[in-house]
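If you want the building blocks of each chain, they are given just below.
There are 2 protein chains.
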Amino acid sequence: MASSLNSLEGEIETQNALFNELRLSGSDPAGLEEVKKKLGELKKSLGQAKAKAAADGATASGSKEVAGKKKERILLKTAKGTRDYGPAEMFCREYVERIVKDCFSTYGGSCLDTPVFERKEILAGKYGEDAKLIFDLMDQGGEQLSLRYDHTVPLARYLAMMGGTNTQSKLWQVGKVYRRDNPVMSKGRMREFSQADFDISGTWDPMIPDAEIISLICSILSKIDVGEFTIKINHRKILDGIFEVCGVPADKIRTISSAVDKLDKLPWADVKTEMTEEKGLEPAVADKIGEYVKHKGGPELLAKLLADAALSANPSAKQGLDDMGLLFTYLSAYNVIDKISFDMSLARGLDYYTGIIYEAIVDASAPPSFQANPSVGSSTTPSPALPKKKVTKKVKNEDGEEEEEVDESQVGVGSIAAGGRYDGLVGMFSAAAAGDSKKSATSKGSIPCIGISIGLDRIFALVWPKWVEKGKRSKETMVYVMAAGDGLLVERMKLVKELRDANIKVDFLAKKKPKLPVQFAAGERDEVPFAIILGENEIKEGYVMVKQQKWEMVDGKKVKVLAEGDEKGEKVDREQLVEWLRATQIWKDWEDGKL
Amino acid sequence: MASSLNSLEGEIETQNALFNELRLSGSDPAGLEEVKKKLGELKKSLGQAKAKAAADGATASGSKEVAGKKKERILLKTAKGTRDYGPAEMFCREYVERIVKDCFSTYGGSCLDTPVFERKEILAGKYGEDAKLIFDLMDQGGEQLSLRYDHTVPLARYLAMMGGTNTQSKLWQVGKVYRRDNPVMSKGRMREFSQADFDISGTWDPMIPDAEIISLICSILSKIDVGEFTIKINHRKILDGIFEVCGVPADKIRTISSAVDKLDKLPWADVKTEMTEEKGLEPAVADKIGEYVKHKGGPELLAKLLADAALSANPSAKQGLDDMGLLFTYLSAYNVIDKISFDMSLARGLDYYTGIIYEAIVDASAPPSFQANPSVGSSTTPSPALPKKKVTKKVKNEDGEEEEEVDESQVGVGSIAAGGRYDGLVGMFSAAAAGDSKKSATSKGSIPCIGISIGLDRIFALVWPKWVEKGKRSKETMVYVMAAGDGLLVERMKLVKELRDANIKVDFLAKKKPKLPVQFAAGERDEVPFAIILGENEIKEGYVMVKQQKWEMVDGKKVKVLAEGDEKGEKVDREQLVEWLRATQIWKDWEDGKL
Numbered sequence: 001m002a003s004s005l006n007s008l009e010g011e012i013e014t015q016n017a018l019f020n021e022l023r024l025s026g027s028d029p030a031g032l033e034e035v036k037k038k039l040g041e042l043k044k045s046l047g048q049a050k051a052k053a054a055a056d057g058a059t060a061s062g063s064k065e066v067a068g069k070k071k072e073r074i075l076l077k078t079a080k081g082t083r084d085y086g087p088a089e090m091f092c093r094e095y096v097e098r099i100v101k102d103c104f105s106t107y108g109g110s111c112l113d114t115p116v117f118e119r120k121e122i123l124a125g126k127y128g129e130d131a132k133l134i135f136d137l138m139d140q141g142g143e144q145l146s147l148r149y150d151h152t153v154p155l156a157r158y159l160a161m162m163g164g165t166n167t168q169s170k171l172w173q174v175g176k177v178y179r180r181d182n183p184v185m186s187k188g189r190m191r192e193f194s195q196a197d198f199d200i201s202g203t204w205d206p207m208i209p210d211a212e213i214i215s216l217i218c219s220i221l222s223k224i225d226v227g228e229f230t231i232k233i234n235h236r237k238i239l240d241g242i243f244e245v246c247g248v249p250a251d252k253i254r255t256i257s258s259a260v261d262k263l264d265k266l267p268w269a270d271v272k273t274e275m276t277e278e279k280g281l282e283p284a285v286a287d288k289i290g291e292y293v294k295h296k297g298g299p300e301l302l303a304k305l306l307a308d309a310a311l312s313a314n315p316s317a318k319q320g321l322d323d324m325g326l327l328f329t330y331l332s333a334y335n336v337i338d339k340i341s342f343d344m345s346l347a348r349g350l351d352y353y354t355g356i357i358y359e360a361i362v363d364a365s366a367p368p369s370f371q372a373n374p375s376v377g378s379s380t381t382p383s384p385a386l387p388k389k390k391v392t393k394k395v396k397n398e399d400g401e402e403e404e405e406v407d408e409s410q411v412g413v414g415s416i417a418a419g420g421r422y423d424g425l426v427g428m429f430s431a432a433a434a435g436d437s438k439k440s441a442t443s444k445g446s447i448p449c450i451g452i453s454i455g456l457d458r459i460f461a462l463v464w465p466k467w468v469e470k471g472k473r474s475k476e477t478m479v480y481v482m483a484a485g486d487g488l489l490v491e492r493m494k495l496v497k498e499l500r501d502a503n504i505k506v507d508f509l510a511k512k513k514p515k516l517p518v519q520f521a522a523g524e525r526d527e528v529p530f531a532i533i534l535g536e537n538e539i540k541e542g543y544v545m546v547k548q549q550k551w552e553m554v555d556g557k558k559v560k561v562l563a564e565g566d567e568k569g570e571k572v573d574r575e576q577l578v579e580w581l582r583a584t585q586i587w588k589d590w591e592d593g594k595l
Numbered sequence: 001m002a003s004s005l006n007s008l009e010g011e012i013e014t015q016n017a018l019f020n021e022l023r024l025s026g027s028d029p030a031g032l033e034e035v036k037k038k039l040g041e042l043k044k045s046l047g048q049a050k051a052k053a054a055a056d057g058a059t060a061s062g063s064k065e066v067a068g069k070k071k072e073r074i075l076l077k078t079a080k081g082t083r084d085y086g087p088a089e090m091f092c093r094e095y096v097e098r099i100v101k102d103c104f105s106t107y108g109g110s111c112l113d114t115p116v117f118e119r120k121e122i123l124a125g126k127y128g129e130d131a132k133l134i135f136d137l138m139d140q141g142g143e144q145l146s147l148r149y150d151h152t153v154p155l156a157r158y159l160a161m162m163g164g165t166n167t168q169s170k171l172w173q174v175g176k177v178y179r180r181d182n183p184v185m186s187k188g189r190m191r192e193f194s195q196a197d198f199d200i201s202g203t204w205d206p207m208i209p210d211a212e213i214i215s216l217i218c219s220i221l222s223k224i225d226v227g228e229f230t231i232k233i234n235h236r237k238i239l240d241g242i243f244e245v246c247g248v249p250a251d252k253i254r255t256i257s258s259a260v261d262k263l264d265k266l267p268w269a270d271v272k273t274e275m276t277e278e279k280g281l282e283p284a285v286a287d288k289i290g291e292y293v294k295h296k297g298g299p300e301l302l303a304k305l306l307a308d309a310a311l312s313a314n315p316s317a318k319q320g321l322d323d324m325g326l327l328f329t330y331l332s333a334y335n336v337i338d339k340i341s342f343d344m345s346l347a348r349g350l351d352y353y354t355g356i357i358y359e360a361i362v363d364a365s366a367p368p369s370f371q372a373n374p375s376v377g378s379s380t381t382p383s384p385a386l387p388k389k390k391v392t393k394k395v396k397n398e399d400g401e402e403e404e405e406v407d408e409s410q411v412g413v414g415s416i417a418a419g420g421r422y423d424g425l426v427g428m429f430s431a432a433a434a435g436d437s438k439k440s441a442t443s444k445g446s447i448p449c450i451g452i453s454i455g456l457d458r459i460f461a462l463v464w465p466k467w468v469e470k471g472k473r474s475k476e477t478m479v480y481v482m483a484a485g486d487g488l489l490v491e492r493m494k495l496v497k498e499l500r501d502a503n504i505k506v507d508f509l510a511k512k513k514p515k516l517p518v519q520f521a522a523g524e525r526d527e528v529p530f531a532i533i534l535g536e537n538e539i540k541e542g543y544v545m546v547k548q549q550k551w552e553m554v555d556g557k558k559v560k561v562l563a564e565g566d567e568k569g570e571k572v573d574r575e576q577l578v579e580w581l582r583a584t585q586i587w588k589d590w591e592d593g594k595l
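Those protein sequence lines, which keep their order, are chains A and B. Just so we're aligned, residue 1 is where the first sequence starts under UniProt numbering, counting upward by one. Just so we're aligned, residue 1 is where the second sequence starts under UniProt numbering, counting upward by one.
The set of hints was computed from the structure by calculation and includes no laboratory data. No experiment lies behind these values; they were computed from the predicted model shown. A hint or two may mislead.
Unchecked claim - Calculated pairs, PhoX-like style, for lysine-lysine (alpha carbon to alpha carbon, straight line, at most 20 Å): (1) B:K304 to B:K318; (2) A:K497 to B:K101; (3) B:K304 to B:K294; (4) B:K80 to A:K120; (5) B:K494 to B:K571; (6) A:K101 to B:K497; (7) A:K120 to B:K77; (8) B:K223 to A:K497; (9) A:K550 to A:K540; (10) A:K223 to B:K494; (11) B:K472 to B:K550; (12) B:K550 to A:K101; (13) A:K494 to B:K223; (14) A:K77 to B:K120.
Claimed, not checked - To give a feel for the contact side, a few chain B residues facing chain A, derived at Cβ under 10 Å: (15) G86; (16) A124; (17) L137; (18) R157; (19) M162; (20) G175; (21) K176; (22) F429; (23) K475; (24) G556; (25) K560; (26) K571; (27) V572; (28) W580.
All C-beta atoms, glycine included, are put in the ideal place defined by N, C-alpha and C.
Could you build all of it, start to finish, from the sequences and the hints given here?
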């Protein structure tokens, strides 16, 4: 097909040249006409061939594999690890997002928006072993692109691009990020998922931005109904100090840290095996580490560690412990100290953290075996050593990919927010852009940063069941406009438009002459608090009938409750209608979020 | 590297088997110890080799092309056709989005969210020639995926998946869509761009949803300060009728319609040439079409067309004209008829439209040569035939791709919203999923739909310059907390937290002992209306000093204006502070959107 198009185009070119030559040389009109006609026919054929090619192409691209065969069925589904969110769920998600964004601006943040894909080299070398989870775009000629894996790396790229013009900022980003992850779990672990990030950049006095971030996540989780929560905190410098004090060789510190990070999923015995057998650590060294990382608690744990002469003598550990001391002072000022668990087993996977690291967990997000809220108070309960059941097994999915099947009864939603201080990442970009291979955190162009990522899908997974249980409305329509008798369509439209112009959320049945009960049923489906009924008389005399209706959960079902004495509705002057509606108790309760 | 890892793993397996065999057979402890030691060493080597491989991999993936050479510089930039939006711009964009979403729910809409990518087969065959602009994801094992090209096709896929459970809906979607388009223009034409869609699905009485959509876009554009606008409307059935009446062969109707669609960019002479020379239409037929498509106007144009005996006798045209009559009646009820231009040259590119089609244009969005607002009133001005300058030329870009360079002085932002009725698209999905090759709009599973897509970037391009000119704030921080003397950091933190807990947007300088003028300067950068100053005495006695400050544009610069008599600030009881702030005129003006 393509070659026949090409040959047609070639012929047209030849004829065109011939025609122009003849015309310019003043050839005889008849001969000229002959060539022109031939040219016209060729162009016509080309047009038809192109149209056919386009039509064929459209069909073929739908079912390339079965070229020439009958059209294949298409699978009506979303891509693996992604899903649609319908109206009711989105109403709840928008509510959660609004609280998060409001808190972000309450803490002085401004919004940043970066593209959903980045040049591949921007993401390269940032995610260690997890780089295999990056979604790449097809090379269609041009740049190598990848979907963003988180908001942190695009933010660091943005700050490096801004250079010296924007070295101090509080920025938030809300949007989707992408990981080709297995397994796909129902509790909010997807290949496409929403994260809300808040980051503070710039050189400030020690631990003040750090305390701001911790206070922020406590404010957000308190406002959203997620239940009791705890912020686990640790410090990379303390961990590094512990590893040094215990005798871990310098070149093994990062890999041993990765092993410690698994303590929330594996018993200590397994982690020790990984340290000694896989990573070649002396068992005695591993045992020393084990003694340290089982500690968790509050300020009194800090005192205990400061009293540890070996640890205090280590410069890295000492700086980390001093930081933690200052942080605890500030967190008391913010009145969130009771939410904190200084957890020495927290290590976080990412390489780029340089200071404090933290994770927010809620009771509801822990697997069933995890019941106690790790509250403040020193504890040496060896919870990491609790035996845990294996929760996954390998299976083949419909596409023939191997993936892990998860026993969901054994899995919680995990941490619902996490982050840390990363003072070197922006400098890495600045240095790489300048062709400077030193990734120095102190080099020019470096900007210290600290941030947190909130897993919106995980929070939604916690909030949604309560939302359903309470029978929350799934849309905000306040008024349903109806008419008796002949339908009065144009009159309904006029009133609807009047109310909408006054910013009142209104709907009506898009039928010319609907029966009144059908209109009531439609309004009830939307659970509207106000039904307005128009009639010939009402229109002539300038009033409307308004019925107020509340919706209550009775035995798990939504039931309409008419306002007392309001069975027949109330006559309201049409001129006063907007003010009247806004003055009702139902309206005020709705505005205050009580309904 | 991979093979050496494999051979190590092989050796470990062998030694492991040997060890277990010896252990189980009760072999002598010395021999067992020997094997165990060997095993430990092997595992250690494997760990090191793996770590090295991971580190190499991270480097290599960053600069594959220069393997072995010095690390290449990375380009600090966003992908072609994409951009970051920083805090000030995002503040404006969020404002625009909020108005749009509010209008959507005022019209009874609910939110839908679909994934950013779809299975490729879902998008196939929907976009005709433009299918080449679809961004594909790399095949990393698994599904063939593409970034969404618009919100309409994912919506239709969603409705088809819902099947019979959701046949009547008003759904909106706000999000980014993707097209590998050239040229990239500064006025809002990007490869990643934001669209806000509103769609009404289901079988309703004729033209009521159609009028709802037109009224909706008028409400939105009136609320956003985009200047004067016009909604151009036409009807596919009228166009088809015209083509039939003029003598266009049935198999050429879609391709001739595509040619007509170019009339907003090309003069009639060029379009006629395309019809006759490329698409083989008789010149006389093209001339007849030319007579029809130059008409635009209002209801009186409709009357004129109804009086055209040939047109009225055509069943398709007659149905289209009747629809338009009904639509005009409803648009009068909605009080938006003066925004409408019945424009017979409007054809819209997409194949799937089956009824009315429309485009919103603003005066500011038209190229400089287009000055008049095509207002209501029949007009036969042959504006399509106006000669226009060629505005593009082909150039090679930095990646060696050929792209069109645009003379931006000749280009407006184009239409800022567009859409139409598409009654067959959902049925196409249902039929394809059922393996039914008939794409019948009347088949089971078909759901008639009508919708509109609003180009948020184009609207932002119109609103942003005015926003800058007015010197609008770029964040919402209301209060800046400061302290004189010793810094009083912990006291500042406590007050900040108190106010934030009362949902007041507050910030402070993250320094231990900042000088007072530095704190004032920081608050002024954020243009906060309230500066609160703490001192030792104030804390002891339970009050704070509050300075109210307004910000006004004077000669294009933001200037601070202190409230009258407020140069020294006001003493406010700390217990009453929140109520006091909320009761000030500045606070109320800000809440009312006046500041």
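Holds or violated: is the Cβ of G556 (chain B) closer than 10 Å to a Cβ in chain A? violated, 21 Å
CA of K550 (chain B) to CA of K101 (chain A), is that 20 Å or under? violated, 25 Å
Tell me if the straight-line CA distance from K304 (chain B) to K318 (chain B) falls inside 20 Å. holds, 13 Å
Closer than 10 Å between Cβ atoms is the bar; does G175 (chain B) clear it against chain A? Give me holds or violated. holds, 9 Å
Against the 20 Å threshold, does the CA-CA distance of K223 (chain B) and K497 (chain A) hold or violate the hint? Within the cut-off at roughly 14 Å; holds.
So, as I understand it, the hint says K560 (chain B) touches chain A; can you test that by seeing if any CB pair is closer than 10 Å? K560 (chain B) check fails; min Cβ-Cβ to chain A is 19 Å, beyond 10 Å.
Checking one constraint from the list: CA of K77 (chain A) to CA of K120 (chain B), max 20 Å. Satisfied? holds, 11 Å
Hinted pair, alpha-carbon criterion (20 Å max): K304 (chain B), K294 (chain B). Please report holds or violated. Judged against 20 Å, a Cα distance of about 14 Å means the pair holds.
With 10 Å as the cut and Cβ atoms as the points, is M162 (chain B) at the interface with chain A? Where the cut-off is 10 Å and the nearest Cβ of chain A is about 8 Å from M162 (chain B), the hint holds.
Does K120 (chain A) pair with K77 (chain B) here, judged by a C-alpha cut-off of 20 Å? With Cα atoms ~11 Å apart, K120 (chain A) and K77 (chain B) stay inside 20 Å; holds.
Restraint check for K80 (chain B) with K120 (chain A), where alpha carbons must lie at most 20 Å apart: holds, 12 Å
Under the criterion that the straight-line Cα-Cα distance not exceed 20 Å, is the pair K101 (chain A), K497 (chain B) satisfied? holds, 17 Å
Against the hints set out earlier in the document, violations occur for numbers 9, 12, 24, 25, 26, 27, 28.
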